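If you read the protein sequences in the order shown, they are chains A and B.
When you read off a place in the first sequence, starting at 1, and then add 38, the result is the number in our numbering.
When you read off a place in the second sequence, starting at 1, and then add 380, the result is the number in our numbering.
Calculated from the structure, these hints are not laboratory results.
Model, not experiment: these values are computed from the prediction.
Here a beta-carbon is modelled for each residue, glycine too, at the ideal position from N, C-alpha and C.
One or more hints might be untrue.
What the hints assert, rightly or not - Label-pair distances were calculated between CB atoms; the ranges are:
#, chain 1, residue 1, chain 2, residue 2, range
1, A, 83, B, 481, 49 to 55 Å
2, B, 466, A, 64, 41 to 47 Å
3, A, 95, B, 529, 30 to 36 Å
4, A, 56, B, 450, 51 to 57 Å
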Amino acid sequence: LINALDGNQRGKAILTYRVSDLVLAPGQDGRTIQPEGIHASALSASQQTMLWDIVKEWVGIMNDAFAEPRMAELRGNLNDTYFAWSGPTTNGSAAYFRVQGPTLVIEYAPQNSVDHIHTIYRDPTNDYGAKFARR
Amino acid sequence: MLALAAAATLCTTASAHRRDECLQAARLGVEPGRLELELDLTPGIAVADAAIADIDRDRDGVLSAVEQRAYLERVLGRVALELDGRPLKMEALSSTFPGVDAFRHGEGTIRFQSVVVLPHQADGDHQLSFRNMDQRDGTVYLANALIPKSDRIVIATQRRDPAQRNLTIDYVLRPEAATSVPTWLLAGLTGAAVLAALLMRPSKIA
């Protein structure tokens, strides 16, 4: 995806600072950081498809009965979804990225190499089913 | 599964731990009249003993309350906050320290929280600066603004140095919505409601 962006899009997507680890790691339930990066709505149709393919790598951990409606919900938040990147853009390099929307945070944070990855998938409005527990 | 954390390695084990660096992660929540600062410090396995030694000054293997307080004061001494160019004073609201074993597994995080009462701010543009002057080798940094809870605060930009030791948040304080009811009107309405309730109360039959 990052290499499918043009120069202008990369200027928005690529953060100018190093992100060494997860920002919303375990223990940060329900917290939401100010989003950064490029708006998903500023991506072309094919780039958006790539973005949703990435998201599905995490959402697809659930079986289809849950993953499909979840993906539909996330696609519905396209205008409030962001993609941010930090690090080199060559294939195989250790780079950080984040996909963030109103009900989604995905972070991928290699620890100096791609042999050791920290990653997290969250729905900040429903971390660990908090929304269900409130019912 | 709505929140999932993992550290995937090529080895057969998988856990979420830091290895060779100390992570200092700051989160700043700007609200009208106050600032919430959270600072997490997580030493990696390779630097855990040095981190423990930095806290456990009497080397008894226990991170006493006095040692914890002294450590936090040293940490706070290396952090600076400014609002529109004027320094802000931070005081510890709460802190938690893990046990030394958690540090040695790269899973121990010291969590520090402070709430700073902000001086009166006019509506309009403001700038909050966070500086972490800690520059020890083997330390990495994160600094982020949280999404404000109040819709009066709109974060315009976040600017950082490449290492994320410094974060400047440009934000706008919007005027308070003119929806508040004047006090005299509220008091009058309340009085009228009480009077009406008394008059309409059914009388008891003897």
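Going down the list of hints, with the structure as the test:
Our hint of 49 to 55 Å for residue 83 of chain A and residue 481 of chain B holds, since their Cβ atoms are close to 52 Å apart. One distance hint, 41 to 47 Å for the beta-carbon pair residue 466 of chain B and residue 64 of chain A, is violated here, with the actual separation near 36 Å. A C-beta distance of roughly 32 Å is found between residue 95 of chain A and residue 529 of chain B, which places it inside the suggested range of 30 to 36 Å. Hint check: residue 56 of chain A to residue 450 of chain B, Cβ distance near 30 Å, so the stated range 51 to 57 Å is violated.
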